[in-house]
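Residue-level listing of the chains:
2 protein chains.
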Amino acid sequence: MSDTIKTFPEMALRPVGVVHSSIKTPMLLAGKSDLSLTERMDMIKAHHRQVEACICELVIEPQWEELLDGIEGFSHVLVLYWPHLIDPARRNLRKVHPMGRRDLPMQGIFATCSPARPNPVLVSAVPLVARAANVLTVKGLEAVDGSPIIDLKPYSKNYLQVDNLKMPAWMEQIHRELEDDNI
Amino acid sequence: MSDTIKTFPEMALRPVGVVHSSIKTPMLLAGKSDLSLTERMDMIKAHHRQVEACICELVIEPQWEELLDGIEGFSHVLVLYWPHLIDPARRNLRKVHPMGRRDLPMQGIFATCSPARPNPVLVSAVPLVARAANVLTVKGLEAVDGSPIIDLKPYSKNYLQVDNLKMPAWMEQIHRELEDDNI
Numbered sequence: 002m003s004d005t006i007k008t009f010p011e012m013a014l015r016p017v018g019v020v021h022s023s024i025k026t027p028m029l030l031a032g033k034s035d036l037s038l039t040e041r042m043d044m045i046k047a048h049h050r051q052v053e054a055c056i057c058e059l060v061i062e063p064q065w066e067e068l069l070d071g072i073e074g075f076s077h078v079l080v081l082y083w084p085h086l087i088d089p090a091r092r093n094l095r096k097v098h099p100m101g102r103r104d105l106p107m108q109g110i111f112a113t114c115s116p117a118r119p120n121p122v123l124v125s126a127v128p129l130v131a132r133a134a135n136v137l138t139v140k141g142l143e144a145v146d147g148s149p150i151i152d153l154k155p156y157s158k159n160y161l162q163v164d165n166l167k168m169p170a171w172m173e174q175i176h177r178e179l180e181d182d183n184i
Numbered sequence: 002m003s004d005t006i007k008t009f010p011e012m013a014l015r016p017v018g019v020v021h022s023s024i025k026t027p028m029l030l031a032g033k034s035d036l037s038l039t040e041r042m043d044m045i046k047a048h049h050r051q052v053e054a055c056i057c058e059l060v061i062e063p064q065w066e067e068l069l070d071g072i073e074g075f076s077h078v079l080v081l082y083w084p085h086l087i088d089p090a091r092r093n094l095r096k097v098h099p100m101g102r103r104d105l106p107m108q109g110i111f112a113t114c115s116p117a118r119p120n121p122v123l124v125s126a127v128p129l130v131a132r133a134a135n136v137l138t139v140k141g142l143e144a145v146d147g148s149p150i151i152d153l154k155p156y157s158k159n160y161l162q163v164d165n166l167k168m169p170a171w172m173e174q175i176h177r178e179l180e181d182d183n184i
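Residue numbers (our numbering), protein chains in the order written: chain W, 2 to 184; chain V, 2 to 184.
Rather than coming from a laboratory, the hints here were simulated on the basis of the structure. Note that the coordinates shown come from a computational prediction; the quantities given were computed from them, not determined experimentally. One or more hints might be untrue.
Because identical chains share one entry, a pair is satisfied inside a single copy or across any pair of copies.
In silico DSSO-like cross-links for lysine-lysine, where the CA-CA straight-line distance does not exceed 27 Å [unchecked claim]: (1) 158 - 140; (2) 25 - 158; (3) 167 - 25; (4) 46 - 167; (5) 96 - 158; (6) 167 - 96.
Build out the structure end to end from the sequences listed, making use of the hints.
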């Protein structure tokens, strides 16, 4: 590790709340490597449908409730959360087949949305349905029930919208397959 | 703190790299509360122009280089970084005037993009200009030189694009003022 890195302040996170969701398990559990491609695709599509329809609650610790004031003015929020069911050993993975699909080429972890990564801080923009005191209701969040919430931010065009997005063929394919499924 | 929260695993982050940038100081330093509104607006606009034009390097620790493989296929990346110059005491702030502007109503921290927040993990989607080995070149990142990098992700429509975005009047106003400045 370089000298520059050694002098950094400690970056310790404290949970500010917890996700209450009907989604109880991550999409792909480790050890399910024996699935056929068709079985895996069916599982991915079923999970995707479940996530899209899911209405869940973000229960913020009462001590932080005041920090939510004004968030109800936004149609969408950015949720940062920790995938707490991931085996910590998987934070050292280097490459994966996207979504565990052997038909797609191996990619470096930073080129994927895999929850297994050196710092597993997952980020998702979702519609805000309601706020009541310290509880936000949101739609379409993939977080598993019990996930610690790290941060909430308003959806800001400045930081999150991009023009002329291009992506590699493997991700185009995933998007296409999931969209077809919605029809 | 509730029982649910106490059982969470420790969420310790380790820097995976560092930002090398010509931006050496955050936009608004604490203690600059004596600025007039005009002075503050001029400072915000000058900073915004500097950020938009800024080309900077994300230098990833050599041990993690392989995780970047495939990222060059994306036009945009999501950068998660830590604002290392923020005084840790400011992680306990509850409400702020957005961008320090007294003319805008106080908002809870979770309703703003303030870098001072309980877990200061900043998130920005930026164009990827180039990759050479363990170094990514990106455009328009607001991170200050020396900021620890927490994570890199591809820009995924699934997690980051939203439809029918609505925001409160104060943020509409900020966007409008910064856009006017670009003409």
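Cross-check of the supplied hints:
1. 158 - 140: both (20 Å within a copy, 16 Å between copies)
2. 25 - 158: Close across copies (24 Å), not inside one copy (32 Å); limit 27 Å.
3. 167 - 25: neither (33 Å within a copy, 31 Å between copies)
4. 46 - 167: within (23 Å within a copy, 29 Å between copies)
5. 96 - 158: between (31 Å within a copy, 21 Å between copies)
6. 167 - 96: within (21 Å within a copy, 38 Å between copies)
Going through the hint list in order, the structure does not satisfy hint 3, though it satisfies all others.
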